[in-house]
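Asker: Each chain, written out:
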Amino acid sequence: MVIFKAVSKHYNGHIAVKNLNLNVKEGEFVTLIGPSGCGKTTTLKMVNRLVEPTEGDILINGRNIRDTDPVALRRQIGYVIQQIGLFPHMTVEENITVVPTLLEWPATKRRARGHELLDMAGMDPVIYANRYPSELSGGQQQRIGVLRALAADPPLILMDEPFGALDPISREVLQDELKSLQKRLHKTIIFVTHDMDEALKLADRVVVMREGEVIQEATPEELLRKPADDFVASFVGKSRRNDSKLLIVEQVMQPNPVTVLPSVGLAQCLTLMKRKRVDTVLVVDEEGVLIGGVSIETLDREHQRAYRIGEIADHNLVTVLNSTPAKDAFDLMVGDQLKYLPVVDEHRHLRGLVTRTSMVNAMASVVWGDEND
Amino acid sequence: MPADNSFLPWVIFIFERYWPLFLRGAVNTLIISLTGTIIGFFIGVVIGVIRTIPVEHNTGVLTKLGYKILNFLLLCYIEVFRGTPMIVQAMVIFYGAAMIFNLHLSPLFAGIFIVSINTGAYMSEIVRGGILSVDKGQFEAAHSIGMTHSQTMAHIVLPQAIRNILPATSNEFVINIKDTSVLNVISVTELFFMSKSAAGNNFRYFEVFLITCIIYFVMTFTVTRILRYFEVLLDGPSVYTIHGSQTVPEAEIRIVGRE
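First to last, the protein sequences are chains A and B.
Using my numbering, read the first sequence as starting at -16 and increasing by one per residue.
Using my numbering, read the second sequence as starting at 46 and increasing by one per residue.
By construction, these hints were calculated from the structure, which means they are not laboratory data.
Please note: incorrect hints may appear among the correct ones.
Stated by the list, open to error - When the alpha-carbon atoms are kept at most 25 Å apart in a straight line, the in silico DMTMM-like pairs for lysine to aspartate or glutamate are as follows:
no.	chain 1	residue 1	chain 2	residue 2
1	A	Lys28	B	Glu252
2	B	Lys181	A	Asp102
3	B	Lys109	A	Glu118
4	B	Lys181	A	Asp150
5	A	Lys92	A	Asp102
6	A	Lys28	A	Glu196
7	B	Lys113	A	Glu35
In isolation and in its complexed conformation, chain B is listed as follows (with noise of 0.2 Å):
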């Protein structure tokens, strides 16, 4: 406790005796939200990509079939994990997977588990929008030069879309590092569970939560910019120069920027 009681010398306090404590709840929570993306995201785009195979009237009956059910499934799944707040779903699995199949995970395991397969049904639909906003051109370009449906999609169509869904992916970056607080109802020792007790232990909830927030902050706004980074990266130069046009063959027409 420290000698003055007042509002500064607490916070300080707080953070000289619990710093260990938030560092570790700061980089589980990282640990999940991280991990939870990007296996999300590769659950997104194989969703995204079997749901965007295009049904030919000449496909077989049964082919048809097979690819109504799965895609259905697939529905049902974006669906209910779009439509159920995360928080139930961590309870649902956590106590359901211990009392059904008697299966008692690991509550970061678990935590993991939740954040992918919740964000897979995000990512599911965003990559299906990236694949559609990538041009029809494109598709009749590869097939005409006889590209397979697949050829098409790894070569041409999802490099493109990917490239087209980085921000909304680093949206849910963002996202998944704020709502895997929610976890803390399964127990996991993340950021807002180490507050808690931190905060439980002295009855100091707004000094303890104000630390709290602070690290969120931080942790997002330098994922954000992060990303931000590669996505410039991506773009390659935003200053080049058109070699020659039709009418002047030794013209150089420097674009400056992007937008």
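Extracted from the complex, chain A is given alone in its bound form (with noise of 0.2 Å):
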């Protein structure tokens, strides 16, 4: 959809963007993201001409755009500014259709048009059409920025920070409705931010930039996995690579769990557990290699018939290798609605445990940092 082909900007000597080759699939939801003065949002500019590139060639739908009129080509590709850009002399509707009345629309059709979107973005249009902007709070004004450009319908939506000047509450829930009106309209964005969060939260694509150049081009998923190089890392931020999703069972189990030998007595065992505070007990034998499990529910079912644990243990146990990500054996938990997973070595020898009480705390490490870290 849009193709930069060894695109450069320089501004009287200073190198804005250096040699950016970047390909924008259709429907794509690409962020451009990296710190003040890296050429993101030059990067976003060049692509309705609001800049023009020093060298390269930039197309749109196989278009070059220097061949394209520039007001012409501004009015198909929608763009939502860093602040919020409403115009304050005129009313949330005429704010909306303003391309539209550019573009010659007849009058009730640009009506029908604004009231739409109002409708689309939960605004009751009978309420907000005839307000102006410094009647609305700062999220509403931002949402009406961002009908604005979709006004005209454009497959192509240009946006520099647009949620940049929200307070964190009314970021998260635009950004929210940004995701899911571009799955529901399937636009192609380009999206500027400096905040890596909005970036991995959004993006199908991110692209990492520093003084003018492409560091890395990846999906969050591998950025998160596999930054480039230490900015990169440091840029993705330390808590989130410590991501469930590389921590391995090992790291998140709980190390001894309660366990008896198969020829310990019903009663036994039962002391054990309730001195324990437990409601089941791993069965091991004498090599610590696992042999079942019984829970507090087949003790008390069980306990007229069976004499020994080994006659009523559950052999058939799932159980999980060491060196399992911890996010799969979490996944396996969930699936299967099991209280608890052991987790055994190669030679099924008695690792230890993974209960939720593991998952939250394992969750919690990632989301606060870990203290011993």
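Make the complex out of the two chains shown on their own, each in a separate frame, by following the hints.
Answerer: Here is the structure:
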């Protein structure tokens, strides 16, 4: 959809963008991210010719934008700017339909489009259409900014840090809305931000830039797993890299679960469980090889019939290897509604136990950072 | 002549005798200053807009040169008319037109002409300031959605700039009401000219000009109030409600007062 071919931009000797090659596919959500002055906004503005590249070509749908009149080009591309940029002397409806007005749509069609968009954003046209921007909250104003970009139904939308000036709650809400809107309307979006959380949340592909150059171009997942260099790694952030996906079971399990030998009697086992305050014990042999598990329910049901734990142990336990990614273990637990998951090595020696509590602890350390780290 | 030769009877006598004169003078003053301010305002808008046209690096050399020359001429006009007293401008234009072009202007027309171009010079800079005062984001927003420079000016920037320069414009109007008094040097029959003849006839300068003073004040004060009323009208209601916030969609935040 949008192809950058060896694009550079120089400002009196200063290089803002250096030999940029990028291919944005149709329906893709691409975020450009980097520290201030890395050339991300310049890159964005070259797409609708607010800035002219010094070298190289930009193609939209195979057509070189140099051959398109800038004004006509901009009317086909939605644009949401850094500040809210609504026109204060125009009503909400006039603001939304400003591009259809430029394109000389008939008044009735314009009006219908304005109301349709307001409805889509969950803002009642009866209440909001005739208000002025100053009568809206910040989040609502930026929502109108997004609607204005959508008004003429352009396939491509450029966004320059649109949510930067909003409070965190409004920002989250608008990000969610934007993401679902993009999925639904199948728009191609190029989105500039300096907020990594925002980039990772919204993007299909993240382009990390520094000093006018692309450092890495990857899906959020790849970026987290394999940052190209230390700069990207520090930009992605340390806490985020300790993602649960990268942890293995060994790191999150509880290392010393309550175990019994198969020869132990039922009453003895019950006393042990009471003392240790657990509802399940694992049965291991003298070499520490896992044989099975016994829950308090089984004990209760079978205490008339059996004498030794070995007789009633459940031998068909679902187990995981200690080198399994923690996330897979958690998926297994959640998916199969398991209360616990014994961890074993290649020789079926018991290594530990993953419970729902270990899952919570692991997630907490990802979210708030590990204190021992 | 009043029966009693003291102050107050003289004031009353002069007022009773000369009120048609005062009235005619006041009306002429208002006509000249109002017309002059309006024409000057339009001159200012045109020049202000021309002087803020952005010169892009990819503009043609000839266009650039033409624009530079035009800009220089406009600057000359502004500097000359701001830098010389209106009373002198009046003399130069009125007598100069008669001598050089053999053009005998009517004093009223000459008065309006002089006030207009004088105000125009001031207004050009006021409008330019007003345009520059509009947030840069507004230009960016307008350009990025595909407005040409002239559309941006007409629909986005000027409406906001004009609101911003309204107080300065009222100021110009008030100054013009007072400064038309200098036009008496080219015998425009405005309020000061009328007062002078009334005073000269009776040798009663203080009494006459006290009345004149009051009339000037009433005119300027009324005009200021009327213009202030329009400003408030343009600002819309000062009490309004923000409908909903992100956290509480049903919230109604009532804003009272603007300042």
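Asker: Work down the list of hints and note, for each, if the structure agrees.
Answerer: Now the hints, each set against the structure:
1. A:Lys28 / B:Glu252: Measuring from Cα to Cα gives roughly 70 Å; hence the hint is violated.
2. B:Lys181 / A:Asp102: 30 Å, violated
3. B:Lys109 / A:Glu118: The given pair, whose Cα atoms are some 43 Å apart, is violated under the 25 Å limit.
4. B:Lys181 / A:Asp150: Cα-Cα ~23 Å, so holds.
5. A:Lys92 / A:Asp102: This hinted pair holds, its Cα atoms lying about 15 Å apart.
6. A:Lys28 / A:Glu196: Given pair A:Lys28, A:Glu196 holds - Cα atoms ~16 Å apart, limit 25 Å.
7. B:Lys113 / A:Glu35: It holds: about 24 Å lies between the C-alpha atoms, which stays within 25 Å.
When each numbered hint is compared with the structure, violations occur for hints 1, 2 and 3.
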